[in-house]
Amino acid sequence: MFEEAQYFAPVAANEDGSVTVQLAANHPGFADPIYRARRNAIAALAVGHTRGDPIPHAEYTDEEHEVWALVTRELAAKHHKYAVTEFVNAAEELGLPTDHIPQLEEVSDLLTPLTGFRYLPAAGLVPLREFYGVLADGYFHSTQYIRHHSVPFYTPEPDIIHEVIGHGNTLASRRFADLYRLAGRAAQHVETEEALEFVSKIFWFTLEFGVMNENNELKAYGAGILSSYGEIEEFRGMDIRPLDLAAMGATEYDITKYQDVLFAAASLSHLEDVVGSFWATCDDDTIDKLRV
1136 MFEEAQYFAP VAANEDGSVT VQLAANHPGF ADPIYRARRN AIAALAVGHT RGDPIPHAEY
1196 TDEEHEVWAL VTRELAAKHH KYAVTEFVNA AEELGLPTDH IPQLEEVSDL LTPLTGFRYL
1256 PAAGLVPLRE FYGVLADGYF HSTQYIRHHS VPFYTPEPDI IHEVIGHGNT LASRRFADLY
1316 RLAGRAAQHV ETEEALEFVS KIFWFTLEFG VMNENNELKA YGAGILSSYG EIEEFRGMDI
1376 RPLDLAAMGA TEYDITKYQD VLFAAASLSH LEDVVGSFWA TCDDDTIDKL RV
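Our numbering applies: residue 1136 is where the sequence shown begins, and numbers increase by one.
If you're looking for bench data, these hints aren't it; they were derived computationally from the structure.
Treat the hints with caution; some may be incorrect.
[Stated by the list, open to error] Pairs of lysine to aspartate or glutamate residues, derived as EDC-like cross-links and limited to a Cα-Cα distance of at most 20 Å, are as follows:
(1) K1336 - E1368
(2) K1336 - D1418
(3) K1213 - E1368
(4) K1216 - E1369
[What the hints assert, rightly or not] What follows is a list of derived Cβ distance ranges for each label pair:
(5) D1408 - I1169: 21 to 29 Å
(6) G1183 - G1372: 39 to 47 Å
(7) G1372 - H1184: 39 to 47 Å
(8) R1371 - S1153: 40 to 48 Å
(9) D1374 - A1204: 17 to 25 Å
(10) A1399 - R1426: 16 to 24 Å
(11) D1418 - R1309: 20 to 28 Å
None of the values given here were measured: they were computed from a predicted structure.
Here a beta-carbon is modelled for each residue, glycine too, at the ideal position from N, C-alpha and C.
Generate coordinates for the entire structure from the input sequences, incorporating the hints supplied.
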C-alpha cells in the first residue's frame, strides 16, 4: 500500500462524528465540491469499522462506475502484455466485475474461497505496523473511493482501482497470497521501527513495484505497476537491478513519480526463495546485519 501517499489526503475527524478528507490544492478533485463531499462520506464508512463486521456499502455514481469500466478494460489489455502469468491467471480466476465498482465485501467473497484473504476498509493512513501486521491473518486494508473522473488514468493516492485491480488480483494467487502473509508475520515479529521500515521497503520493491524475468521477457507483478495505466508502459526502461535484500532495504524512493529503480527476480520461485524466506525468518538482528 502507498502508506506515505496517504499524507497527501489526510483524514480529520470532526466533533459531530463526520470526517473530512483534506485534499491538496493540486488534487484533481480539489475544486469539485460534489467529489469532495463523496470522499468525506466514503471515508466515514471506514471509521469505527470492526474486523469481522460486514464492510459498509459505498454508493457510487454512474460516472464513477464508468471510470472503473474504462480503466479495467484498458488495464486488462496491458496485463496480458506486461504482467506475469501467475497474475493473469489469478485475475481470470477471481473474475472481478468489469462494468461496476465492486463493494469490498463483494471482492472479499470472491477472494476468500481462493486464498482466504478478506478486505478491511481504510479511511486514510493506516499505521505501518497495523497495515502489514493484519496481512498475516489474511486481511488487507483498502480505501473505497475512486479517482476523480476528469483524470481516469491518474490518482495521486491509492484508490479502489489500485487496491482491488492491483492487490486484489494478486491476492487471488495462492503463491502471492502466501508472500503477503509472510510479510505480515515479519511485521508482527520485528520490534524496532527501523526493522519494520526495512520490511516495508522489501514489500515496496516486490509486491508493490516488483518485476521478474519470464520467458526471456521482463514482466511486472507489483500491484503499483499493474494498477498504473502509464507506469506499466514504462517500467522496462527503468534502472533494473538484481534482487538484493540489503539494496532494497537501503534504497530510497519517491512516491510522487514513476519508480526509476526496480529490482528483478529471476522467477517466482526465486522471489519466494529470497524474499519469502527472508520474511519467514527475519528478526531485528538479521535486519541490523543487512542494514550495515
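These are the hints, each one checked on the structure:
At most 20 Å may separate the alpha-carbon atoms for a hinted pair to count; K1336 and E1368 exceed this at roughly 23 Å. Of the supplied pair hints, the one linking K1336 and D1418 holds, its CA atoms being roughly 15 Å apart against a limit of 20 Å. Among the hinted pairs, K1213 with E1368 is consistent with the structure: their alpha-carbon atoms are about 8 Å apart, no more than 20 Å. Of the supplied pair hints, the one linking K1216 and E1369 holds, its CA atoms being roughly 13 Å apart against a limit of 20 Å.
At roughly 50 Å, the beta carbons of D1408 and I1169 sit outside the given window of 21 to 29 Å. Restraint check, G1183 to G1372: a C-beta distance of roughly 45 Å satisfies the suggested window 39 to 47 Å. Between G1372 and H1184 the beta carbons are some 41 Å apart, a value that agrees with the proposed interval 39 to 47 Å. The hinted range of 40 to 48 Å is satisfied by R1371 and S1153, whose Cβ atoms lie roughly 45 Å apart.
For D1374 and A1204, the hinted distance range of 17 to 25 Å is not satisfied, since their beta carbons lie about 35 Å from each other. For A1399 paired with R1426, a C-beta distance near 22 Å keeps the hint of 16 to 24 Å intact. The beta-carbon spacing between D1418 and R1309, approximately 26 Å, falls within the hinted interval of 20 to 28 Å.
Hint violations for this structure: numbers 1, 5 and 9, all remaining hints satisfied.
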